[in-house]
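J.: Below are the chains, spelled out letter by letter.
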Amino acid sequence: MKAELEEIMFQVTIDTLEKLAFMFAYMGEDEKAWAKDSMVTGTVSFTGPFTGTLVMTISVEVLQELTANMLGLDDAEDVTENLRSDALKETMNVICGNVLPAVTGDEYIFDIGVPEVFPADQEITKGSGIPVGLDLSAKVILEFDEGQCVLSLFSDGKIPKDAVSPEVG
Amino acid sequence: MAINILIVDDSGVMRAMILKTLRMAGVPLGDIHQAGNGKEGLDILADQWIDLAIVDINMPVMSGEEMIDRMKEDPEMKEVPVIVISTEGSKVRIERFAQMGVSFIHKPFTAEIVRDTINRSLGLGDDDES
Numbered sequence: 001m002k003a004e005l006e007e008i009m010f011q012v013t014i015d016t017l018e019k020l021a022f023m024f025a026y027m028g029e030d031e032k033a034w035a036k037d038s039m040v041t042g043t044v045s046f047t048g049p050f051t052g053t054l055v056m057t058i059s060v061e062v063l064q065e066l067t068a069n070m071l072g073l074d075d076a077e078d079v080t081e082n083l084r085s086d087a088l089k090e091t092m093n094v095i096c097g098n099v100l101p102a103v104t105g106d107e108y109i110f111d112i113g114v115p116e117v118f119p120a121d122q123e124i125t126k127g128s129g130i131p132v133g134l135d136l137s138a139k140v141i142l143e144f145d146e147g148q149c150v151l152s153l154f155s156d157g158k159i160p161k162d163a164v165s166p167e168v169g
Numbered sequence: 001m002a003i004n005i006l007i008v009d010d011s012g013v014m015r016a017m018i019l020k021t022l023r024m025a026g027v028p029l030g031d032i033h034q035a036g037n038g039k040e041g042l043d044i045l046a047d048q049w050i051d052l053a054i055v056d057i058n059m060p061v062m063s064g065e066e067m068i069d070r071m072k073e074d075p076e077m078k079e080v081p082v083i084v085i086s087t088e089g090s091k092v093r094i095e096r097f098a099q100m101g102v103s104f105i106h107k108p109f110t111a112e113i114v115r116d117t118i119n120r121s122l123g124l125g126d127d128d129e130s
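Chains C and B are the protein sequences, given in the same order.
Position 60 (the first sequence) corresponds to 60 in the working numbering; numbering is contiguous.
Position 86 (the second sequence) corresponds to 86 in the working numbering; numbering is contiguous.
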């Protein structure tokens, strides 16, 4: 199940980044030890047949380019922190909205919450960003030329057993 | 024929993306209006001539679904074509949009999908679909 979830998360994320921002990434193996202020973290929670939270930690440089591309800006220096936060929230919203039906099929109904972006110096842990009672179900690392993006899916483990194959696109 | 469009989404970045995509799709744009929630969208519809409304669903203050319900109750607004752009993935909810008489585009979207959906909604030209 973990490998299937991770494959789905990877395929949905690269499809989303390509369509939203014309960005391309490849699967990474190790989470690098980045300086705290060089990464931004956001979360989005959901309820449905299973409950969970998607956590996305992304290099500021990658997020800068993502935001500029989403907005069609020629100069990434025109991107403000507010725009970066908005872009990260919308990207998480789209990824989460596509991962969940890819996992369970389109018969199930999910409610996705409002994404949140956290200050660089706030550590995201259970009880602080991640609801207590959820455990890490899957983790995907994406590598870009400018940095890294780590997606972690925390859930209550009640994922329906009839999970679909990871066919996305 | 220039099309006056209302874009309703609580994300400023997504509104900008939709506008960028409309331009990429070659849609003949007239006046573009933007709203951050359903209530703001209804206020604009009451004041402006809108040919097409592009609406997100999950928004604060008033959701896109409630905004569409209110539009359908208003004689001045009920004929305005609506396209929902959403991450919604459940078959039940997507079918409800069709029952409400609105078109649906799933996020993430391409310029071609946006163009073809607008053409169908407004009864314009041919799209690339066979």
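Some hints could be false.
Each pair of labels, with its calculated beta carbon distance range [as the list claims (entries may be wrong)]:
(1) C:114 <-> B:47: 36 to 46 Å
(2) B:26 <-> C:145: 38 to 48 Å
(3) B:123 <-> C:61: 39 to 49 Å
(4) B:112 <-> C:74: 38 to 48 Å
(5) C:145 <-> B:20: 20 to 30 Å
(6) C:72 <-> B:47: 38 to 48 Å
Simulated from the structure, these hints should not be mistaken for lab results.
Glycine included, C-beta positions come from ideal geometry on N, C-alpha and C.
J.: For which of the previously enumerated hints does the structure constitute a violation, in increasing order of number?
T.: Hints 1, 2, 4 and 6 not satisfied by this model.
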